[in-house]
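Residue numbers (numbering that gives the first Met the number 0), protein chains in the order written: chain A, 0 to 147; chain B, 0 to 147; chain C, 0 to 411; chain D, 0 to 411.
There may be inaccurate statements among the hints.
Listed next, with one range per pair, are the computed distances between beta-carbon atoms [said to hold, decoys possible]:
{"#": "1", "chain 1": "C", "residue 1": "R139", "chain 2": "A", "residue 2": "I101", "range": "49 to 55 Å"}
{"#": "2", "chain 1": "D", "residue 1": "E266", "chain 2": "C", "residue 2": "E152", "range": "20 to 26 Å"}
{"#": "3", "chain 1": "C", "residue 1": "E188", "chain 2": "D", "residue 2": "Q20", "range": "35 to 41 Å"}
{"#": "4", "chain 1": "D", "residue 1": "A13", "chain 2": "C", "residue 2": "K25", "range": "36 to 42 Å"}
{"#": "5", "chain 1": "C", "residue 1": "G24", "chain 2": "B", "residue 2": "H20", "range": "36 to 42 Å"}
{"#": "6", "chain 1": "A", "residue 1": "H20", "chain 2": "D", "residue 2": "E156", "range": "34 to 40 Å"}
{"#": "7", "chain 1": "C", "residue 1": "S87", "chain 2": "D", "residue 2": "H52", "range": "37 to 43 Å"}
{"#": "8", "chain 1": "A", "residue 1": "R7", "chain 2": "C", "residue 2": "T269", "range": "55 to 61 Å"}
{"#": "9", "chain 1": "C", "residue 1": "P148", "chain 2": "D", "residue 2": "P148", "range": "38 to 44 Å"}
Derived pair list, reagent style DSSO-like, types lysine-lysine, alpha-carbon separation capped at 30 Å [as the list claims (entries may be wrong)]:
{"#": "10", "chain 1": "C", "residue 1": "K78", "chain 2": "A", "residue 2": "K91"}
{"#": "11", "chain 1": "B", "residue 1": "K15", "chain 2": "C", "residue 2": "K267"}
{"#": "12", "chain 1": "C", "residue 1": "K145", "chain 2": "C", "residue 2": "K376"}
{"#": "13", "chain 1": "D", "residue 1": "K25", "chain 2": "D", "residue 2": "K376"}
{"#": "14", "chain 1": "B", "residue 1": "K15", "chain 2": "B", "residue 2": "K113"}
{"#": "15", "chain 1": "D", "residue 1": "K408", "chain 2": "A", "residue 2": "K15"}
{"#": "16", "chain 1": "D", "residue 1": "K78", "chain 2": "B", "residue 2": "K91"}
{"#": "17", "chain 1": "C", "residue 1": "K78", "chain 2": "C", "residue 2": "K5"}
{"#": "18", "chain 1": "D", "residue 1": "K404", "chain 2": "A", "residue 2": "K113"}
{"#": "19", "chain 1": "A", "residue 1": "K91", "chain 2": "A", "residue 2": "K15"}
{"#": "20", "chain 1": "B", "residue 1": "K82", "chain 2": "B", "residue 2": "K113"}
{"#": "21", "chain 1": "B", "residue 1": "K113", "chain 2": "D", "residue 2": "K267"}
{"#": "22", "chain 1": "C", "residue 1": "K78", "chain 2": "A", "residue 2": "K113"}
{"#": "23", "chain 1": "A", "residue 1": "K113", "chain 2": "D", "residue 2": "K78"}
{"#": "24", "chain 1": "A", "residue 1": "K113", "chain 2": "A", "residue 2": "K15"}
{"#": "25", "chain 1": "D", "residue 1": "K376", "chain 2": "A", "residue 2": "K113"}
{"#": "26", "chain 1": "C", "residue 1": "K376", "chain 2": "B", "residue 2": "K113"}
{"#": "27", "chain 1": "C", "residue 1": "K78", "chain 2": "C", "residue 2": "K189"}
{"#": "28", "chain 1": "B", "residue 1": "K15", "chain 2": "C", "residue 2": "K408"}
{"#": "29", "chain 1": "C", "residue 1": "K5", "chain 2": "C", "residue 2": "K25"}
{"#": "30", "chain 1": "C", "residue 1": "K78", "chain 2": "A", "residue 2": "K128"}
{"#": "31", "chain 1": "B", "residue 1": "K113", "chain 2": "C", "residue 2": "K408"}
What the hints contain is simulated information worked out from the structure, not anything from laboratory work. Since the model is a prediction, treat every value here as computed from it, not as a measurement. C-beta atoms are modelled at their ideal positions from N, C-alpha and C, and glycine is treated no differently.
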Amino acid sequence: MSVDNLYRELILDHYKSPRHHGRLDPADAEADGQNPLCGDELLVTLRFGADGETIEDIAFDGHGCAISQAAASMLSEEVIGRKAAEVAAIGKDDTPLVAMMIESGTPLTPIRLKCALLGLGVLKVALHKSAGTPLPEEWAGIDEVEFE
Amino acid sequence: MSVDNLYRELILDHYKSPRHHGRLDPADAEADGQNPLCGDELLVTLRFGADGETIEDIAFDGHGCAISQAAASMLSEEVIGRKAAEVAAIGKDDTPLVAMMIESGTPLTPIRLKCALLGLGVLKVALHKSAGTPLPEEWAGIDEVEFE
Amino acid sequence: MKQTAKLDARLIRADFPIFEQLEEGKPLSFLDSAVSSQKPRQVLEALEDFYEHSYSNVGRGVYALAERADAAYEQAREKARAFVNAGSPREIVFTRNTTEGLNLVAYAWGLENLGPGDIVLASELEHHSNFVPWQEVARRTGAEFKVVPVTSEGELELGELELFASGGRLRIVAITAVSNSLGTIVPVEKLIAFAHEQGAIAVIDAAQAAPHRKVDVQALGCDFLAFSGHKMCGPSGVGVLYGRSELLEQMSPFLTGGGMIRRVSVEKTTWAELPHKFEAGTPPVAEAVALGAAIDYLEGIGLEAIAAHEHELTAYALGRLGELPGLTLYGPPLERRAGIISFNLEGIHPHDVAQILDAEGVCVRAGHHCNQPLMHKLGVAATSRASFYLYSLPEEVDRLVTGIKRAQKVFA
Amino acid sequence: MKQTAKLDARLIRADFPIFEQLEEGKPLSFLDSAVSSQKPRQVLEALEDFYEHSYSNVGRGVYALAERADAAYEQAREKARAFVNAGSPREIVFTRNTTEGLNLVAYAWGLENLGPGDIVLASELEHHSNFVPWQEVARRTGAEFKVVPVTSEGELELGELELFASGGRLRIVAITAVSNSLGTIVPVEKLIAFAHEQGAIAVIDAAQAAPHRKVDVQALGCDFLAFSGHKMCGPSGVGVLYGRSELLEQMSPFLTGGGMIRRVSVEKTTWAELPHKFEAGTPPVAEAVALGAAIDYLEGIGLEAIAAHEHELTAYALGRLGELPGLTLYGPPLERRAGIISFNLEGIHPHDVAQILDAEGVCVRAGHHCNQPLMHKLGVAATSRASFYLYSLPEEVDRLVTGIKRAQKVFA
Ligand SMILES: Cc1ncc(COP(=O)(O)O)c(C=O)c1O
Ligand SMILES: Cc1ncc(COP(=O)(O)O)c(C=O)c1O
Numbered sequence: 000m001s002v003d004n005l006y007r008e009l010i011l012d013h014y015k016s017p018r019h020h021g022r023l024d025p026a027d028a029e030a031d032g033q034n035p036l037c038g039d040e041l042l043v044t045l046r047f048g049a050d051g052e053t054i055e056d057i058a059f060d061g062h063g064c065a066i067s068q069a070a071a072s073m074l075s076e077e078v079i080g081r082k083a084a085e086v087a088a089i090g091k092d093d094t095p096l097v098a099m100m101i102e103s104g105t106p107l108t109p110i111r112l113k114c115a116l117l118g119l120g121v122l123k124v125a126l127h128k129s130a131g132t133p134l135p136e137e138w139a140g141i142d143e144v145e146f147e
Numbered sequence: 000m001s002v003d004n005l006y007r008e009l010i011l012d013h014y015k016s017p018r019h020h021g022r023l024d025p026a027d028a029e030a031d032g033q034n035p036l037c038g039d040e041l042l043v044t045l046r047f048g049a050d051g052e053t054i055e056d057i058a059f060d061g062h063g064c065a066i067s068q069a070a071a072s073m074l075s076e077e078v079i080g081r082k083a084a085e086v087a088a089i090g091k092d093d094t095p096l097v098a099m100m101i102e103s104g105t106p107l108t109p110i111r112l113k114c115a116l117l118g119l120g121v122l123k124v125a126l127h128k129s130a131g132t133p134l135p136e137e138w139a140g141i142d143e144v145e146f147e
Numbered sequence: 000m001k002q003t004a005k006l007d008a009r010l011i012r013a014d015f016p017i018f019e020q021l022e023e024g025k026p027l028s029f030l031d032s033a034v035s036s037q038k039p040r041q042v043l044e045a046l047e048d049f050y051e052h053s054y055s056n057v058g059r060g061v062y063a064l065a066e067r068a069d070a071a072y073e074q075a076r077e078k079a080r081a082f083v084n085a086g087s088p089r090e091i092v093f094t095r096n097t098t099e100g101l102n103l104v105a106y107a108w109g110l111e112n113l114g115p116g117d118i119v120l121a122s123e124l125e126h127h128s129n130f131v132p133w134q135e136v137a138r139r140t141g142a143e144f145k146v147v148p149v150t151s152e153g154e155l156e157l158g159e160l161e162l163f164a165s166g167g168r169l170r171i172v173a174i175t176a177v178s179n180s181l182g183t184i185v186p187v188e189k190l191i192a193f194a195h196e197q198g199a200i201a202v203i204d205a206a207q208a209a210p211h212r213k214v215d216v217q218a219l220g221c222d223f224l225a226f227s228g229h230k231m232c233g234p235s236g237v238g239v240l241y242g243r244s245e246l247l248e249q250m251s252p253f254l255t256g257g258g259m260i261r262r263v264s265v266e267k268t269t270w271a272e273l274p275h276k277f278e279a280g281t282p283p284v285a286e287a288v289a290l291g292a293a294i295d296y297l298e299g300i301g302l303e304a305i306a307a308h309e310h311e312l313t314a315y316a317l318g319r320l321g322e323l324p325g326l327t328l329y330g331p332p333l334e335r336r337a338g339i340i341s342f343n344l345e346g347i348h349p350h351d352v353a354q355i356l357d358a359e360g361v362c363v364r365a366g367h368h369c370n371q372p373l374m375h376k377l378g379v380a381a382t383s384r385a386s387f388y389l390y391s392l393p394e395e396v397d398r399l400v401t402g403i404k405r406a407q408k409v410f411a
Numbered sequence: 000m001k002q003t004a005k006l007d008a009r010l011i012r013a014d015f016p017i018f019e020q021l022e023e024g025k026p027l028s029f030l031d032s033a034v035s036s037q038k039p040r041q042v043l044e045a046l047e048d049f050y051e052h053s054y055s056n057v058g059r060g061v062y063a064l065a066e067r068a069d070a071a072y073e074q075a076r077e078k079a080r081a082f083v084n085a086g087s088p089r090e091i092v093f094t095r096n097t098t099e100g101l102n103l104v105a106y107a108w109g110l111e112n113l114g115p116g117d118i119v120l121a122s123e124l125e126h127h128s129n130f131v132p133w134q135e136v137a138r139r140t141g142a143e144f145k146v147v148p149v150t151s152e153g154e155l156e157l158g159e160l161e162l163f164a165s166g167g168r169l170r171i172v173a174i175t176a177v178s179n180s181l182g183t184i185v186p187v188e189k190l191i192a193f194a195h196e197q198g199a200i201a202v203i204d205a206a207q208a209a210p211h212r213k214v215d216v217q218a219l220g221c222d223f224l225a226f227s228g229h230k231m232c233g234p235s236g237v238g239v240l241y242g243r244s245e246l247l248e249q250m251s252p253f254l255t256g257g258g259m260i261r262r263v264s265v266e267k268t269t270w271a272e273l274p275h276k277f278e279a280g281t282p283p284v285a286e287a288v289a290l291g292a293a294i295d296y297l298e299g300i301g302l303e304a305i306a307a308h309e310h311e312l313t314a315y316a317l318g319r320l321g322e323l324p325g326l327t328l329y330g331p332p333l334e335r336r337a338g339i340i341s342f343n344l345e346g347i348h349p350h351d352v353a354q355i356l357d358a359e360g361v362c363v364r365a366g367h368h369c370n371q372p373l374m375h376k377l378g379v380a381a382t383s384r385a386s387f388y389l390y391s392l393p394e395e396v397d398r399l400v401t402g403i404k405r406a407q408k409v410f411a
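Full structure from sequences and hints, please.
As C-alpha cells, this is what we get:
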C-alpha cells in the first residue's frame, strides 16, 4: 500500500473537514461502536424521510485515525437520499473510500480495512436496530460498547 | 546404557526371586509410594532392634519393573543391621543397584533412575515418618498416594 | 479432489529429517506417534521461514511486517477451520494442546452452567485430559461425575447408555473419538445424539482422531472438539479447540488479558469478538502458522490414504504379534481399531520391554498412557503400546517382533 | 563472570536473519520489540536441531530419544531457574506466555483464597494481562478490586500506598516491574515489602523487565513472577511462571489432565509433584528448549550490557524526539525509564503515524498497548510507541525522526 496514495488530498480533506459531523437530535436511528484494536470510536445518528425508509440526514461523531474519519465522512455523503434496506446491504468493498483504494490498485491491508469499515459498521447496526432485523455475522460485536 | 549390562544375571535374579519380599506385621515403621510415570508401587515395612534404631528386619511388597523390584530387593539386603539415621542418609548414587550401574560405566538414564530409587524413596519416608523428621525436598510427594 | 491413492510411506519418510540419523547404530523405528508425531521438513521450513521473514506479534500492528504475521496467523486458522469443516473461523480457538482446549470448556462452560444435581458423563476409555477436568469441574460445582463403562475389549458399553438418561440433569457428555491406549474407534455419533436428546452438550476429544482420519464437526454435530498440533506433524505448543459459535458467544472468557478485550476500565471490562475472546495474550503465532503447514502436508497426502495405510500396518502387526507366545493383546478387533496396539508380555514389565526394544532402535510407550481408569478396568498397571503414522513401515513391525523375542529371551 | 563490556549492536544484529531482508526496499527499523522481539539464528537453530534430532514428548518415555527430549526440556527449566535465580527448578512452571502465568495465579491461588471483603490491588500502569485477571477473580469471589493511581508522568503514586492498607484484607498486590507503554521502571521492592507487611502476596509482571535487565526473584522476595519467551529472543508459545514453592505446594492445580496427576480413579485424583502439577498436557517442549537457547544467548551478551545499550539509545531518542515541534512525550525521566518511548503528534492519529513510518521501513506500535486504564489517565485514546532491544541502532532512531517529519508534512 503506497502511503501517498492512501493519504491523498481527498482523504486528508475529509479527515480535516469531515462532512455531516456531529449528532442529530432527535434521531430516528442511532448506534455506536469502536475498533477495539485502536480505540477509535464512532457514533452515528440518522433521520428518515416521510416514507420512513429514505435516509434524509445523517451525522457521524467520534474520534479516530484519518482513515476511519474520512471513510465515515465520505460514506455519509454517499447514503443521503438512499433507502435504508439498500444501504444496509452495502458490501465492504463498496464504501467510497475502500472502493477508491481498490480501484487505485493498492487495496487497504486488513488492519486498515477495519478502520475504514468502522463507519459502515455502526451505520449497519443503526439500520438493523431500527428495522428490528439481526445484524449479519460479520459485523457481530461492533455495537457492544458504550460510546463515551 | 547397554541392555545386557542392565539386565545382567544379578538383577534378573533379584527380580525373579526378590529377597525380603512381603509385609511384616506388626511393623515399627512403614510407608508406601509409587512412581507416577508407570504406576509402579512399593510398600515397605520394617522392624527395629531392641535399641530402637537398628533395622532388624525389612520387607518390600508391590509390583513393578525389573529395575524397581531388583533395586528394592538389593537394598533390603544392604540395610539390615544398619542404624536408621545412617540409612536415612544414603545418597541416590549409593544404593547397590545404582552404584553398580555407575561403576560399570553405564549409569541409569533419569527415567530408569526413578524406577531404581523407588525403594529407597519409600524406605526414607518410612524412616523419617517414624523419627518424626521432615522428608528432604527431593523426595517430596513420594508418599502422597495410598497403596492398593 | 482428495488423493485416495495408496501412500508411499518410504517416500514420505524421506520428508522427516529425524529418520536420517541412527539410534545407537540402528535405524529409528518410531512406533510412538500416538504420544507425539515427528515433523516433516515442510513444517520445519514453514516455521523457520516465518521467523526469518514475517515474525511479529499479531492482531495489533499497523506496519507491513505485522500485517504479514497477522495474515499468516489467520490463514492458519482458516486451514484449521477447513480441516475439521467448521462453519466459520470464529469457531476455531488456538490453544496450547488438547488438554487446554478441554479445560477451557470445563472452566468457561462448566463452571458457569453446572450445579448440584447435574451430571457430567465421561467414559472409562478417556485419557486423563478428558477425564480429570470433568471430574474437577463436577467437584467444584457440586455436580455428579459419571463414566460410561467399557467392555473387556475396550469398547463402550453402549447398551448401558440409557442408564445415564436423567430428565435434563445430564449436562455434558465428554468422549474420545479414538482411544489412545487401545485404538478403539468410538461411535461418537451415537454419543452425540444421546447427549443432545438429553439436553447435554457433547465434547469430543479428537487428539487421536484428527491426525489420522477425516473429522467433520458439522457432520458430527458436536458442540466442542479439541486436538493437538504436535500429534499431527505440527510443532509442539499449539492445539485447536472447535466450539459452536452459539455456545462460544454465550460463554464468558477463560483466560483474560491482552488481545481478548474490547474495552477495559477499573469499573468494567468487555470482551472482544470470537475467536479472540478466547485467545488471551500473545498466541503461539509461529506454531499456529507451522500447524497450517502440517495441515497442508496431511491434506496433500490425504487423510483417507493415511487411515488406509495405518489400517494395513495394524492388520499386519496384529497378525505378527498374535503369533507370539506369552503375549496378550488388548483392544477391539481390527475393523474397529485405529493404528494403536497395546500388549503385555508374561512376566515382563512394560518398562523392561520398552528398554530392551530401545536397544533395537524401536520406540514404544510403556506405562498407563494417561489412562489409569482404563488400566484399572483391564486389571493391569501398565501396557506396552505401539502406534503407527503415515511414515511407519512394515519392517518396523518386524523389528518390534524381533525385539519382543529378545526381551523374552532375556527374561526366560 | 558476567560480561559488562559495551555490546556491539551491529555485530549482534548479524545474528538476526530477519534484518537481512529489505522492507519495500528499505532496511527494517524494528522499533517494536516491546510487543515481541526478533529471533537470533542461535535460537532458530536450537529449535530446528531439537526437532531434527531429539524430538519426542517428555516425561514419560523409556527409550533414548524420549530421554534426550526430557533432558533437554528439564535443562531448559534449569536455565530459566538460574535466569531469575529461583531457589529450585520446582518453582519454574512453563506456560504459554505471561498472560497465562498471571491467570494461573488468579485462578489457582485467587479463586481459592479470596472472598467478600478481601482486596486485590493492581495499578493504573498495568497491562491488561495483569489487570483483567485480577478484576475478574475479584468479581467472581466478591473481593474488591482497587488500583494504585499513577502520576501524569506515569509513575506510581507511592505516597498513596498506605491508603490501601486494610488490616489483613489486602490479599494480592499485582504490579508490573516495567511499564510497557511508558517504560517506567517501577520500584517493585517497595510494593513487595508493602504487600508482605499487609499479609498479601506479591505478583510481579516481568514481561518487560526480564528480557532487558537482571531479575532476581530471591532478592526481590516476590511470591510469583511471570514473563514471556517471545519478548526475549525466544520462540512464541512459551512463557515462565516462577512461584514460591510453599505457595505452589498449597495450591490446587489449574489445568488438569495428562502429565500432572499422581493417580486417577473415578472416585478421586491426586496430583504430581512440582512443577508438573501445573503443566497439564503436552508442554511446549521445543519452545522451552529454544527459550533455553535464548537465555544462553542473552546471558552470553550480558543483561547489564543490554540494559546499558538500551539506556543509551533511549537517551539519544528522547533528545531527538524532544526537539520536534508538535510532539508530546509521555512517561518518566530518563533515569527511571527503560527503552520504551510513547509519544503523540498534534493532529495526527497514531495509526496514521505508524502507517507513514512503515513506508520508511520503521515499525512502531500504535494504539492503547493493552493499557486502556493508563491511556484513560493520560487522557488519550492511543499513542505511538517506539521500543528498543539489544539489536537496535541509533540510525533507526534517525529514521524514526525522518518519518515523523514526513508524517507532519503529509498532515500539514
Ligand atoms: C507489561 C506486560 N505484561 C504482560 C504482557 C503480556 O504478555 P503476553 O502477551 O506474552 O502474555 C505484556 C506484553 O504484551 C506486557 O508488556
Ligand atoms: C486421546 C487423547 N486425549 C488427550 C490427549 C492430550 O493431548 P495433549 O497432551 O496434547 O494435550 C492425548 C495425548 O496424549 C490423547 O491421546
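Practice task
Starting from the hint 38 to 44 Å, judge whether the C-beta atoms of C:P148 and D:P148 obey it.
Solution key: About 59 Å separates the Cβ atoms of C:P148 and D:P148, which means 38 to 44 Å is violated.
Exercise for the section: Given the range 34 to 40 Å, decide if the beta-carbon distance of A:H20 to D:E156 lies inside it. Expected result: Given a distance of about 38 Å, which is inside 34 to 40 Å, the answer is holds.
Handout entry: Consistency of beta-carbon spacing, B:H20 to C:G24, with hint 36 to 42 Å
Key = Because 38 Å falls inside the window, the suggested range holds.
Practice task
Compare the distance between the alpha carbons of D:K25 and D:K376 with 30 Å, and conclude whether the hinted pair is satisfied.
Solution key: violated, 37 Å
Practice task
Take a quick look at whether C:K145 and C:K376 sit within 30 Å of each other, Cα to Cα.
Solution key: Measuring from Cα to Cα gives roughly 15 Å; hence the hint holds.
Practice task
Measure nothing beyond the straight line between the CA atoms of B:K113 and D:K267; if it is 30 Å or shorter, mark the hint as holding.
Solution key: With Cα atoms ~24 Å apart, B:K113 and D:K267 stay inside 30 Å; holds.
Handout entry: Hint consistency between D:K78 and B:K91 [alpha-carbon to alpha-carbon, up to 30 Å]
Key = Roughly 23 Å between the alpha carbons, so the hint for D:K78 and B:K91 holds.
Problem - D:E266 versus C:E152 beta-carbon gap, inside 20 to 26 Å or not - result: holds, 24 Å
Exercise for the section: Decide if the proposed pair is consistent with the structure: D:K376 and A:K113, CA atoms, cutoff 30 Å inclusive. Expected result: holds, 26 Å
Handout entry: Range hint compliance [Cβ, D:A13 to C:K25, 36 to 42 Å]
Key = Since the Cβ atoms of D:A13 and C:K25 sit about 40 Å apart, the hinted range of 36 to 42 Å holds.
Exercise for the section: Take the C-alpha atoms of C:K5 and C:K25, compute the straight-line distance between them, and say whether it is at most 30 Å. Expected result: Holds - the C-alpha atoms of C:K25 and C:K5 are around 28 Å apart, at most 30 Å.
Exercise for the section: Sort out whether B:K113 lies within 30 Å of C:K376, counting only the CA atoms. Expected result: Since the Cα atoms of C:K376 and B:K113 sit roughly 26 Å apart, the hinted pair holds (cutoff 30 Å).
Violated hints, listed in ascending order, are 3, 8, 9, 11, 13, 23, 30; each of the other numbered hints is respected by the structure.
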